[in-house]
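Following the hints, put chains B, C and D with the ligands in place on chain A, whose structure we already have.
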Amino acid sequence: MSAAGEPLRLSVSTSGDIGSPVAEIHVVGEFDRLQVVRFDETARTLPAALVSVTVDLTQTTIIDSAALGSLIRLRRTLERHGCSLQVVVERPFQITVMKVGGLDDHLNVRTPDQR
Amino acid sequence: MSAAGEPLRLSVSTSGDIGSPVAEIHVVGEFDRLQVVRFDETARTLPAALVSVTVDLTQTTIIDSAALGSLIRLRRTLERHGCSLQVVVERPFQITVMKVGGLDDHLNVRTPDQR
Amino acid sequence: MNETVDAGPMASVRLELRATAVSIAVGRAVLRRVVTFRDPDAESSFLIAFTEIMTNAVDEHVRLASDRPIVVEIEQTPHDLVRVNDSGAGMSDESLVTSAPDGSVERGRGLALARAFVDDIAFESSPSGTIVSLPLAGFGIIR
Amino acid sequence: MNETVDAGPMASVRLELRATAVSIAVGRAVLRRVVTFRDPDAESSFLIAFTEIMTNAVDEHVRLASDRPIVVEIEQTPHDLVRVNDSGAGMSDESLVTSAPDGSVERGRGLALARAFVDDIAFESSPSGTIVSLPLAGFGIIR
Ligand SMILES: Nc1ncnc2c1ncn2[C@@H]1O[C@H](COP(=O)(O)OP(=O)(O)O)[C@@H](O)[C@H]1O
Ligand SMILES: Nc1ncnc2c1ncn2[C@@H]1O[C@H](COP(=O)(O)OP(=O)(O)O)[C@@H](O)[C@H]1O
Numbered sequence: 456m457s458a459a460g461e462p463l464r465l466s467v468s469t470s471g472d473i474g475s476p477v478a479e480i481h482v483v484g485e486f487d488r489l490q491v492v493r494f495d496e497t498a499r500t501l502p503a504a505l506v507s508v509t510v511d512l513t514q515t516t517i518i519d520s521a522a523l524g525s526l527i528r529l530r531r532t533l534e535r536h537g538c539s540l541q542v543v544v545e546r547p548f549q550i551t552v553m554k555v556g557g558l559d560d561h562l563n564v565r566t567p568d569q570r
Numbered sequence: 456m457s458a459a460g461e462p463l464r465l466s467v468s469t470s471g472d473i474g475s476p477v478a479e480i481h482v483v484g485e486f487d488r489l490q491v492v493r494f495d496e497t498a499r500t501l502p503a504a505l506v507s508v509t510v511d512l513t514q515t516t517i518i519d520s521a522a523l524g525s526l527i528r529l530r531r532t533l534e535r536h537g538c539s540l541q542v543v544v545e546r547p548f549q550i551t552v553m554k555v556g557g558l559d560d561h562l563n564v565r566t567p568d569q570r
Numbered sequence: 426m427n428e429t430v431d432a433g434p435m436a437s438v439r440l441e442l443r444a445t446a447v448s449i450a451v452g453r454a455v456l457r458r459v460v461t462f463r464d465p466d467a468e469s470s471f472l473i474a475f476t477e478i479m480t481n482a483v484d485e486h487v488r489l490a491s492d493r494p495i496v497v498e499i500e501q502t503p504h505d506l507v508r509v510n511d512s513g514a515g516m517s518d519e520s521l522v523t524s525a526p527d528g529s530v531e532r533g534r535g536l537a538l539a540r541a542f543v544d545d546i547a548f549e550s551s552p553s554g555t556i557v558s559l560p561l562a563g564f565g566i567i568r
Numbered sequence: 426m427n428e429t430v431d432a433g434p435m436a437s438v439r440l441e442l443r444a445t446a447v448s449i450a451v452g453r454a455v456l457r458r459v460v461t462f463r464d465p466d467a468e469s470s471f472l473i474a475f476t477e478i479m480t481n482a483v484d485e486h487v488r489l490a491s492d493r494p495i496v497v498e499i500e501q502t503p504h505d506l507v508r509v510n511d512s513g514a515g516m517s518d519e520s521l522v523t524s525a526p527d528g529s530v531e532r533g534r535g536l537a538l539a540r541a542f543v544d545d546i547a548f549e550s551s552p553s554g555t556i557v558s559l560p561l562a563g564f565g566i567i568r
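Chains as they are written, first to last, in my numbering: chain A, 456 to 570; chain B, 456 to 570; chain C, 426 to 568; chain D, 426 to 568.
Next comes chain A alone, as it looks inside the complex (with noise of 0.2 Å):
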């Protein structure tokens, strides 16, 4: 796959105590409708005994507004099972993206240095 189409990559990665494990989702390039697909697959496959998740888009190209409904849906689920999100974002359009979505708080927004 060429540079060119610069698809979604995706990377899950799990740490923390035995008890009170916590994942992290980390999001490279086009984060848009094309990818939600493959976003939503992979959340699937988060274990249930998560307390916290957490996704990574500093370094998305793109991130639409099919994304943002990926990120609420998440948050859905994660809630059932006692889980909470955050979502960590850095650069400009990244910002404007949550706020104008009127998501900073339901995503639980957060820039890296207030992790």
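Chain B residues, not near chain D, derived (Cβ > 10 Å throughout): (1) L465; (2) G474; (3) V483; (4) R493; (5) R499; (6) P502; (7) H536; (8) L540.
Taking CB as the label site, the calculated pair distances span: (9) D:H504 - C:V487: 21 to 27 Å; (10) A:A503 - C:P465: 36 to 42 Å; (11) D:D544 - C:A547: 45 to 51 Å.
These are calculated hints, taken from the structure and not from any lab test. The beta carbon of each residue, even a glycine, is placed where N, CA and C say it ideally should be.
Chains B, C and D with the ligands only, in chain A's frame:
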């Protein structure tokens, strides 16, 4: 510049004895007509005292006929200074371009294991 | 001075795309190649607005099962701009003014995002389709 | 069975491009997005053939100072192929058969490269323009 632009990247390094310096031009990405101007400019900055120049094309994704024209011009210029040229290719399409272009001998084409 | 009946000044690029999600990524790939953006943030901001407008055009064609193409024009005259033309049924006045929902609602943020990023976005909508203009001023220039 | 006069089956993507070097890179960017290539070597091989054909179309439009667009169509029916249409004066029979020069001649390798990479390349040339078809079979498929 985004990854999708996939611009040509050029780097020039010189080495060798004081009396017989050699240079290597490393070309990465799309070596096409749009980029030939930059290659020609870079070639013009080569010191006149060189005894040998190697153009490493192993990391190109495109080599078109305009790029071949540029390499032929480079060889002509170097020849005037008594400097030899060799061109290194590796991937099948790169080998095909040189063969079909009829340039294996003229540009002293090598694969990395033959250097 | 010969007035021509057709076309007018030629677009730098004119794209006819099917109503699929891949087409949106194709549009972005072309814009990245044709436009020199001021900086990466300007690039992402403009391309998100473009993505939302394309998404709405695709949705509208899918809703109507239209097999007509969505037309994207990248134009240099008189100002650099990108125009997205669909053959849908047009936008309601309501959809033109509604702002983004908050909290847990999954949809309805597209136009709010497009507007937030591209101030001077302009909509021309009729029952035979919608034309959305996204001026490039402040974001970049067409090569 | 309603025969339509215009268009025929819609191209996956139809591009109208100005006769500039940037347009060639735009075409490649679109192909990379629309086609899933078998492997990186198939991708480079096909895109070099495409590049040479586009370069010739651009040269021909520049030679004639034509302001008409070069049209690139990426089509799925009946076989996946890419078609480049120019509005030039057509190719001479001679240019269709000449092989690549060797040694120190700077130009004249374009068609030889295109042919070497895409065996089944087809040319339709008339005094009102040239259509070159590049079948994708063996290289990749349209998404
Ligand atoms: N090009 C269009 N043609 C017709 N209707 C449109 C178009 N663009 C937007 N709309 C209408 O405006 C509504 C709001 O769009 P948007 O803010 O992008 O949110 P969403 O697409 O998630 O519903 C759409 O649901 C649709 O009804
Ligand atoms: N689309 C075209 N329209 C008109 N003439 C063409 C076209 N494509 C190729 N030719 C002719 O064929 C010749 C050989 O083309 P090519 O092998 O690509 O080498 P080059 O472009 O370097 O001369 C061109 O110089 C031109 O005269």
